[in-house]
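**Student:** Chains as they are written, first to last, in the working numbering: chain H, 1 to 452; chain C, 1 to 492.
Don't read these hints as lab results, they were simulated from the structure.
Backbone N, C-alpha and C define an ideal beta-carbon position, used for all residues, glycine too.
One should not assume that every hint holds.
[As the list claims (entries may be wrong)] Reference excerpt, derived from the structure (chain H facing chain C, CB under 8 Å, subset only):
#1 7
#2 9
#3 11
#4 26
#5 100
#6 231
#7 246
#8 344
#9 347
[As the list claims (entries may be wrong)] Pairwise CB distance ranges, derived in the manner of DEER restraints:
#10 43/C / 448/H: 45 to 55 Å
#11 26/C / 195/H: 37 to 47 Å
#12 42/C / 372/H: 34 to 44 Å
#13 56/C / 393/H: 48 to 58 Å
#14 47/H / 199/C: 48 to 58 Å
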Amino acid sequence: MYTPLTPDERQAMLQAIGVERIEDLFADVPARYRYPKLNLPPAMSEMEVTAEMQNLAEANLTVQDFITFLGAGAYHHYIPAAVDHILRRGEFYTAYTPYQPEVSQGTLHAIFEFQSLVCALTGMETANASMYDGATAVAEAVNMAYHVFRGKRPKAVLSSALHPQYLATVHTYYDASDREIVVPHEGDPTPGPDALIEAIDERTSLVMVQYPDFLGRVYDLSALAQAAHDKGALFGVAVNPLALGLLKPPGDFGADIVTAEGQPLGIPLSFGGPYLGLFATRKKYVRKMAGRIVGETVDTRGQRAYVLTLTAREQHIRRARATSNICTNNALMALAATVYLGLLGKDGLRKVAEINYHKAHYAAQRLASLEGYELAFPEVPFFNEFTLKTPLPVAEINRRLLDYGILGGYDLAQDFPHLDRHMLIAVTEMNSKDQIDLLASALDEIARDAAA
Amino acid sequence: MSEQIKIREPLLVELSSPGRRGVRFPESDVPPAALPAGLVREDLPLPELSEVDVVRHYTRLSQFNHAVDIDFYPLGSCTMKYNPKVNEDMARLPGFAHVHPLQPEETVQGALAVMYYLQEYLKEITGLAGVSLQPAAGAHGELTGVLIIRAYHRSRGDARRNKILVPDSAHGTNPASSAMSGMRVVEIPSDARGNIDLAKLKAECDDTLAGLMITNPNTLGLFEEHIEEVVQAVHEAGGLVYGDGANLNALLGVARFGDMGFDVVHLNLHKTFSTPHGGGGPGSGPVAVAEHLVDFLPGPIAEIVDHDPDDDTPVFGLVMPKRSIGRVKAFYGHFGVMVRALTYILTLGAEGLRQVAEDAVLNANYLRVMLQDTYHIPYNRLCKHEFVAEGRWEDAPGVRALDISKRLMDFGFHPPTNYFPLIVHEALMIEPTETESKRTLDAFIAAMKQIAREARENPQVLHEAPHTTPFGRVDEVKAARELVLTWFDWAK
Ligand SMILES: Cc1ncc(COP(=O)(O)O)c(C=O)c1O
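Here chain C stands alone, though its shape is the one from the complex:
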């Protein structure tokens, strides 16, 4: 590091002192064995710290983060709702946290029940016939879903179907997941109202069509107005409809993918079902499918395999679906995340879930209407859980969405999602979620309006923002050019 650079918080390696220790283990109570000749490492270049060093270091670091527990986090598409504390406690119950995945099934009946009931409730919520909880996140669920679509067509001797249609408004994982499974991706544009362009869609509906990946509500926060025709067109061409359920928060208890004719969807438990994002995971991306795809699900999944002869209580077991695509990861999925999601569903019940969707949509529309005179909203109609505004004005040349985002930090808010979806210039994608109060929304509206004024009157304050955060804007070009990716890179 060059001399002038200020270090706000050292790295572990800089806090290290030779001979310092953080953890003591009991002395070994067995006679030592000879170490394997030629296979023992010479050097273990790890830092040396005490427990207090480590705890203070990470506590200080934590204070550099914005988080849902601190303030509003309207990051569009990410559903940054409040993560209930009781869910955390439940996931840490010893009976869940300290169970080995390969224990005999009779010793893990509670864990299998968690999986089984969560599968059942997700089926009910989506209106679909089968669920696998194995995928680890949304994108993993997408890959799983596309593999299921592919396996379905092949099972019918229809191996030519290798084309997946993806709207241009789709999240980047949709085309990436399709490509990863060996499919050909064809992008479909959106129309002037933000719906998928029906004519262009129909033109691609031929006998190579494997399926359509659609997000509903889409990433503009809009309910697809022609959803019935879209589904019909794909089905008539012999394709399947994949629903990216990342935006299910808008429709909980209001409408179900299964009823709309979707064949396969993934859900993001780390969005809709309140499990925390953890600074980038772990998530959980269960896949739900219609009847004709149930046998293709990855597994194993939890099922009732028997009943207790005495009291008729169910006996749970792990079962591989008959024509399963196979497993998509080790073990059964992110069980700890499942515990949190099940706790959430049980806490809310059907009415509570509907309340979630209603308040999420109410909050989003309230923000949209209160901001529509200040920010251009290109697809300005009734939205669902989020909406997308433009972060630019003709009379404020030079101000970009990024400036607005950075300035919002000075008000204590996390910025909206920037530059996604790609079909909106200088996109600010705003998703308030249901867990925000009107007071918070009003404060956000006031901040957004002040920023719009500043954009005209004092754009410098935007360009130089943020001002009040522990760190200013960072030099991304330097990071990419120098590629210092570990502290070992310093020496070079």
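The shape of chain H in the complex, shown without the other chains:
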């Protein structure tokens, strides 16, 4: 049990306090509120609760039960065993935010490594010690850009090909405020990045796109970055960090802010969270950045040490004038990503990114050759996810695919009614050639059955 006091100890302590009964400790709670009857299931032993939770877990099918081609912002990747072994160390997961550096060097040192690895990956100069997820990281980018211009540029121009849930999150955060969230062609993710250029003006603080975008497409972003900078705006890019094992980092295009959903870096799917928001920027904006930042220093014994720094940006000091309200973030997931990147390293990350690329391209070529199917954007490069036009509504195809043991791609009609019959297909290192071939023959059969 988790409460170690014995009845005798309780009695002794009550006596020391000078009250008779435990209830006396709640005398300041108005009597009419005290001790409501809670209608909860009776307490369970560990044995019983394990059985109960196992029942619930077994009521789910997992990506391991299926052949999975579903991505759309959360991806099925291999996680080396060592990652979770490190996360399971109580010294890491039962510690708080490292406010006391003398007894938190483990966490602080790992965060410094995380910041360094995020910068290595994105081509940026500085990174914070995490945001909640990819969606809120974009919302924080909008906020940071607004503060960089001290509110004088209220407008953020966001790509309609950002993940629709990221856009929705940004709208929730700011629609009722004085920020202007402008999404040219909102509701239609198909225009490329240059479609944003027209909307950029002197009132724009941020221009932000996704790379690869929600439809899987990878564009050269130099022209858009230039257009943003020409008007004095910041240029932001939301990335898939695994893709950066292979693709040019946004820093090379001149990005000022890079955000990411860090889930592909060693974090399990876990029905949507907890994941990891990455946030990196140029050093000149570090004082406007949200979240924890760790810096290098020395201790009184002359040892290299790490400490939370620039805390005057944060809510516990600045309160209503803080750069953001974020406090608890997703530090343990940042540790997962750090260990993952440490294990894969230079060679491993490139390798897994290439495997994703090749498998997805094999799949794209196989599927596009099927009667009735074609690539939606055959001319545009992609990484591990692409959009396939289908001869039938995707929902219908996906229902049929379940009979083959296949978890089909994402049905884009859910967000974009005019993209009915468009499936977003993710292929990762977890998919073998045989699985891809099976998907191809299943899709072929489904189309033929429908035609017959």
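Take the given structure of chain H and dock chain C with the ligand to it, following the hints.
**Tutor:** The following block gives chain C with the ligand in isolation, referenced to the frame of chain H:
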């Protein structure tokens, strides 16, 4: 780095050797495709390590941390209780850990059941009518709650209401979250007994009032003695009452926010419901609301959408509340954290939860009473889950709360929270939680008393503390001045 600086543990980049590998992937079994011209990166400056390098490195690093699993962690406001091991195992069951958030609903009925039952139990525990599990942490829940308040007023054509009242004892996230949602923040002072100053509160209760953010018990660990009048004043002015539920540990099974008339609260599953802090997250900050706000909750949330025609078992689905403020993050929230919290609630049941609150409050009052002759406690009355002492004495000039905190490390304890709440000088905010034994508390009391003696007799030992930890005090000024924030900054 300059020569004299000692390196206790290298960084990954210093452990790296060209050509070393930690993970091997299977060779690709498909024909290679041409890489996209002009879009391939030239350089990937990541370290190169073997698995054993990495595991030893992080194992060694872990040993530099203090943690709940090691010893007492009385960090006020943070509820550093023990994190049950079975919760960790449950979150890692394949049926939870390997489920994609966008799978068809019929394939994730167990996951939706987890969400649904957790929502139901949190409603029951708070006495409120609706819950969204989407917010990722406490501050995120606050932002969500303020957005709900704003949406509610606007839906009634009351768009002028843009003022949020926040007591001066509030956690920094309260004003920050309010400001982030575009609200105007007005601070309300506390009175001599540590309650919100009722007269000052009432003076601000006008027709621009959107709401009050209140923490109860407050950050002094005190139950608001005029809570009924406070709620009434805000409601009469047309405002809503937001409860920061970070301190719910004191009231589990003892009193409910809903019964007290709160309109919206957030809970910190990573405090009250024993899910681990992870060195700074992930948390989970569900928002619970009264009936009139249920439709504004962020979503989607889990609901029973049907019943199986054969055996009448519920069929769960994800539903967006009718007038939802929208989503506040991708997907549904920190599901892995929800699994842990549900496991905890099922393990404890109603009586176990009440036991949590009772022992948490008993432990805090015991510490308070045992230390009150040694440390000045400015608002010294019956406390709830925590109390705030001053870390200074007139006859020990020069000794600060920080010195006391650092010295506590030599006894194997994590320090209390320092310098919060802001209304207490040299604050030491002490929250023992229910998972500590009397033996631990007595050892802590003895340490605190010894430190108080040392403050007079040998203050140097405090100023130079800690002595026994792997690291001494760090130079924060140097860190802020030099801003070495990555290993790439070394070159400069
Ligand atoms: C009283 C209080 N309110 C709000 C918060 C913010 O919660 P979180 O850190 O989960 O965002 C905290 C914790 O840090 C707190 O102690």
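**Student:** A separate judgement is required for each hint: does it hold in the structure or not?
**Tutor:** How the hints compare with the structure:
1. 7: Check failed: Cβ of residue 7/H comes no nearer than 11 Å to chain C, outside 8 Å.
2. 9: Nearest chain C Cβ about 4 Å off; hint holds.
3. 11: violated (10 Å)
4. 26: Residue 26/H check passes; min Cβ-Cβ to chain C is 6 Å, inside 8 Å.
5. 100: holds (6 Å)
6. 231: Violated: closest Cβ of chain C sits about 25 Å from residue 231/H, beyond 8 Å.
7. 246: Since chain C brings a Cβ to about 6 Å from residue 246/H, closer than 8 Å, the hint holds.
8. 344: At 5 Å from the nearest chain C Cβ, residue 344/H passes the 8 Å test, so the hint holds.
9. 347: Interface hint status for residue 347/H: holds (6 Å vs cutoff 8 Å).
10. 43/C / 448/H: 45 to 55 Å: holds (48 Å)
11. 26/C / 195/H: 37 to 47 Å: holds (40 Å)
12. 42/C / 372/H: 34 to 44 Å: Holds: the Cβ-Cβ distance is about 40 Å, inside 34 to 44 Å.
13. 56/C / 393/H: 48 to 58 Å: holds (53 Å)
14. 47/H / 199/C: 48 to 58 Å: Since residue 47/H and residue 199/C have Cβ atoms about 56 Å apart, the given range 48 to 58 Å holds.
The structure shown violates the earlier hints numbered 1, 3, 6.
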